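Peer 1: Given next are the chains, with one letter for each unit.
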Amino acid sequence: MASLLAGRTGRDLGWPVIGAVALFAVLVGGGLAYQGILGTGAAERLVTVMLIDAIVVVGIQIYIGNTGVLSFGHIGFGAIGGYVFALLAISEAEKLKRIPDAPFGLVGVELPPLVAIACAVAFAVVCAFVVGLGLGRSGAASGAVAATVITLALLFVTHEVARNWPDLTGGDRAGLAFPIRGSLDSRVPTYGALLIALIVARLFARSRRGRLAQAAREDDLAARAMGIDPLVQQMMALLLSVAVVVLGSSLKVWEDGSILPGDFFFQYTLVTLVMLIVGGRNGVTGAVVGVIVMTIGRELARRLGQDGFEVFGIGLDSAPLDWIFRENLQTVFLGAAMLGFMIWRPSGLLDDLEIDDWLRRRLGGAESDVPPALVPAPEAGSSTLSASGIDVRFGGFQALSNAGLEADSGEVVGIIGPNGAGKTTFVNVLTGMVRPTDGTFSIDGRQLAGEPAHELARAGLVRTFQNLRLFGSLTVEENVEVAALVAAEHRGDRSHQDTAALIAQAGLWEHRHRRARELDYGNSRRLELARAAAMAPTFLLLDEPTSGMSDAESVAMVEQVKGMADAVGAGVLVIDHDLAFITGISDRIYVLDHGSVIADGTPAEVQSDKRVKEAYLGSAAT
Amino acid sequence: MVELAQNLIDGLGRGSIYALLALGVAVVFGVMHLLNFAHGELITVSGYAAFWAITNGWSWWLVVPLIIVVAVLTSLVIERLAFSRVRGASQFTLLLTSFGVHFVVSAIFLLYVSASVKNFARPAWTTQSTWALGPLQIETFDTVVIVVTILTLIGTNLLLQRTMFGLALRAAAADFDTARLMGVRSDTVIRGAFALSGLLAGIAGVFWLMRAGSTTPSAGIDPMLKGVLAALIGGLGSLRGAVLGGFALGLAEVLLRSWLPGSIAGLTEGFVFALIALLFIFRPQGFVSVAHAERV
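Read top to bottom, the protein sequences are chains D and L.
The opening residue of the first sequence carries number 1 in my numbering; numbering runs sequentially from there.
The opening residue of the second sequence carries number 1 in my numbering; numbering runs sequentially from there.
It should be emphasised that the hints constitute simulated quantities derived from the structure, not laboratory data.
Possibly wrong hints are sitting among the right ones.
So the derived label-pair ranges between C-beta atoms look like this [unchecked claim]:
1) Arg211/L with Phe397/D: 47 to 53 Å
2) Leu278/L with Arg8/D: 53 to 59 Å
3) Thr475/D with Asp187/L: 35 to 41 Å
4) Gly108/D with Met1/L: 44 to 50 Å
5) Asp172/D with Leu8/L: 29 to 35 Å
6) Trp52/L with Arg208/D: 43 to 49 Å
7) Trp344/D with Gly57/L: 41 to 47 Å
8) Leu278/L with Asp587/D: 52 to 58 Å
9) Gly57/L with Arg173/D: 35 to 41 Å
10) Leu76/L with Trp344/D: 56 to 62 Å
11) Leu76/L with Asn402/D: 35 to 41 Å
12) Gly420/D with Met1/L: 56 to 62 Å
13) Gly88/L with Phe394/D: 23 to 29 Å
14) Thr583/D with Gly88/L: 39 to 45 Å
Some chain D residues well away from chain L (every beta-carbon gap over 12 Å; in silico) [what the hints assert, rightly or not]:
15) Glu160
16) His490
17) Glu510
18) Arg515
Everything numeric in this text was worked out from a predicted model, so none of it was measured.
By construction, the Cβ of each residue, glycine as well, lies at the ideal position given by its N, Cα and C atoms.
Just chain L, with the same shape it has in the complex:
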């Protein structure tokens, strides 16, 4: 029982980061129907920025905003250079474009930095510090992650429900053409979605990089997969589903790791992928299905 509770809390911490990533993927999918395989590159780029700043003696208090700003700017630049040119293209083109962006970004770091791992110092409190809740040992880091994630989700919800931009975004996600007829500017709403997606990836990136303490040219693959898969688990196009999907993915990973016998524990990731493939086979629309029936 104690072990299960412990696992649940660990899973929530992990799932929080996935939820932020998935929400970023879902926001962009909503307005552009683009499943962004390049979402993880936002973390790759901010990772190198963090590495540069820390080796130049910046404190983490400055690195945190730097990571977020870099993620937002990267998201906007990628939209400008690549995705804005394939708006409205077929799903095939959209998928491969984002795949291409992923490869170009990681190849640029491969070319101009190096293939080797770049390590940087993690803040001390992310590794050692824990506090006790009855019999449970809770990491301070997980606590901070969960609290910040909840605040971010509340903030995002307010932004979407209470502002004109949020209304435009939701309208565009429901029906882009009608939204445009009602005066929603497509440039504004799409760029706004990418900025929001970058902001969420930036916050997730802070935690991701604090935990990893390193970056490599291909560091984006892992967060990209987590974000994309979580968004799909929840049901593409549904923001609430994406958040749920993130938490579900985090819990599934932690629970599988503790249940699998030691000899095949290394296969946790493999099992998670297989489970997700099964989920799509039996429920391709995800947990929260969004009706997208085609009119004939």
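This is chain D alone, in the form it adopts within the complex:
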């Protein structure tokens, strides 16, 4: 038991399960206490609805929270699952009455409810896979508008089909109402599903795929540059998420004893999304808190809207306030909650705080506070990066023309040139952010031109960005660990440095639990370097690593770059326009001007080159 709670296993396995159980206890305990005190059938029903809503909202959180893609379509998947469940579970006699012409021989099918739920989940997951391929094709990324609109279209398509296919769904008015061998009179299936939902959500968030998805949520481009293919992680999140949502929607249909097209449409989408964002969409704990807060809020709004309320003898006579306390108040309340939170607190009440993280910090043993030291890399075989004939045209503008270079993994190669010379474009080509119009590059003979960014990162070309791209709401430690996760899978042949040692080497040991976006400028740069080093790269490509730094910081940066590169055995390709910095750090230098290499050689050779002087100082210089 103790070993399950210690170290990384504890953080990624033991504690998340404890957190899920704690959330389950809060929901169920609170619910039982409420219905026990009130003792009415209405209270009992309210608690059941809250538990089922919790399953659906936690399901949606798995997708939206981990990927950052806003989906309106999950309730559409809920509708698909709900109908499959109803069609399979309703008795034959009932179907003959309501939908005698049902297609696919469905009239004769009658499965036990739990089996029907399993079928509903399986069917919806297959649908989700198809939709997920489409989302991927559309370039879903955090905050992508096209992806959101596809999910919205999905919601409308399911609704239209449900309304206009009465042979299957009973249509808009009749719907499918049924006793499924008695309605849902036991809470056991709901408890089971809720516990499963919470555990799945927490474990996924701490899993390898979950953490890669979160990195892509924070910065899609940086994630690709770290060898992450966001589409794979998004697909996983979507499938799990839809499975959990359908678990909840089937139970909702079972509990209601009926399904109409309108049950899983705009209103329920609003309810579940508001619950998610009020609590905090990036955390499971936030989702649960949102469900509790909004259930209480809606119930109050509903009662105020009816006739005022009275709890424990404290009453509020709403007659004088009749102009506001009316029926439908709860819809205003929901809309206002969504608007208010988006304007004043878009990250929700709890943001991404998780109950297990909190518990672990309170109850878990103290962690070692001695930073481990870097172990020098064993002498790796030398690799060669060679690029030749690289052309890049943006419309009519020739950014690079016939550019090329050779670099060995044992050396530091500098690329220098005035602003607009094509330096960043060159790095963008070598890391797959820009496709070259023409030309090739390779590492040790392996052709790489045209490969997507994440493949180039996995091949060993890992970069930093001129304008800092960290995974902002992940901690310093998590930023580096994400890169190490990718390295463990795709850079297996290289020696890996301990992530803690890299963090210590970058001088970030005491900041390791802070969020990356809270770091100051210099620390952010050093974190980017540590993150890139954790990829166990063959070549580190640094795009103006000292831009915006003081002279003293730049000098320290030179040491840091050399230390990191030595430790992971990587060659360095560094870009800058500062001649002093580049000559100080590089073994060899390429000079770019107007997209072409105009000189190369040792720092001394380059400094005395006539064309270089012209490019830098104008032709008057001698």
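Once you've looked at the hints, dock chain L against the given chain D.
Peer 2: For chain L alone, coordinates are given in the frame of chain D:
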């Protein structure tokens, strides 16, 4: 052939209204990168204004300007109360804010008017009157819609190309930060964009309400979807694309309705949504792509 021509004209009439809605969505997206799910609420609010005016005996000649004025004012008020507070926020926040506005507006009418449909009298010429062009029967209403839409588009084009405001708007849409450095005031340009968006929605709203003859708290969903989808089909950020997208959507609806066999004709809308989803899957940037490559 005659049937196809007839369908094309019907589609143009329908598409004209969508084009005006889509242009309004695109103008706002251009300056704020906000996909406005609350665009249809401008028509909901003007719909209730029209209902109030007509039940109080106003003639349609007065109701038309009323609808337009109410749409413009509503657009400005919504910008002031909600969207001005989330300028520059993440796409996630922007999308959900506009979704929230949609719900609050419709809930207010649900709360203070009622959930039931409010009917009002439509002008007689919008229903019965047609004229013949050879073998084609063309509705007077469609004719008026198409002509007014074309005039509105010409006017909008002049406004954007020939005035300082238009220049500022186009500059802001191309690169907001640079435009501000060049002295474009962000408040002015954003409010102007919302006013223009409201004006276009108002003109579209006149036709929409004349054809519907009723309004409900959730009446905004349909025009919102049409406007948003058409703007996306055309390629977000492109004004010309939005207009094209509107006409394309109108034609697609009319043609699908006439081609689909009767038993599934009710699914026209469903098919349109599915087609649009497919379009985004294969061409997420829409017909007219606007380069928005991120600099690294």
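Peer 1: Against this structure, judge whether each hint is valid.
Peer 2: The hints, checked one at a time:
1. Arg211/L with Phe397/D: 47 to 53 Å: 49 Å, holds
2. Leu278/L with Arg8/D: 53 to 59 Å: 43 Å, violated
3. Thr475/D with Asp187/L: 35 to 41 Å: Since Thr475/D and Asp187/L have Cβ atoms about 38 Å apart, the given range 35 to 41 Å holds.
4. Gly108/D with Met1/L: 44 to 50 Å: 48 Å, holds
5. Asp172/D with Leu8/L: 29 to 35 Å: Distance hint for Asp172/D, Leu8/L holds at roughly 32 Å.
6. Trp52/L with Arg208/D: 43 to 49 Å: 60 Å, violated
7. Trp344/D with Gly57/L: 41 to 47 Å: Because 44 Å falls inside the window, the suggested range holds.
8. Leu278/L with Asp587/D: 52 to 58 Å: The hint (52 to 58 Å, Cβ to Cβ) holds, given that Leu278/L and Asp587/D are roughly 54 Å apart.
9. Gly57/L with Arg173/D: 35 to 41 Å: Given about 37 Å between the Cβ atoms, the range holds.
10. Leu76/L with Trp344/D: 56 to 62 Å: 22 Å, violated
11. Leu76/L with Asn402/D: 35 to 41 Å: 55 Å, violated
12. Gly420/D with Met1/L: 56 to 62 Å: 58 Å, holds
13. Gly88/L with Phe394/D: 23 to 29 Å: 27 Å, holds
14. Thr583/D with Gly88/L: 39 to 45 Å: 41 Å, holds
15. Glu160: 3 Å, violated
16. His490: 22 Å, holds
17. Glu510: Consistent with the label, Glu510/D stays out of reach of chain L, its closest Cβ about 30 Å off (over 12 Å).
18. Arg515: For Arg515/D, whose nearest Cβ neighbour in chain L is about 16 Å away, the distance exceeds 12 Å, so it holds.
Hint violations for this structure: numbers 2, 6, 10, 11, 15, all remaining hints satisfied.
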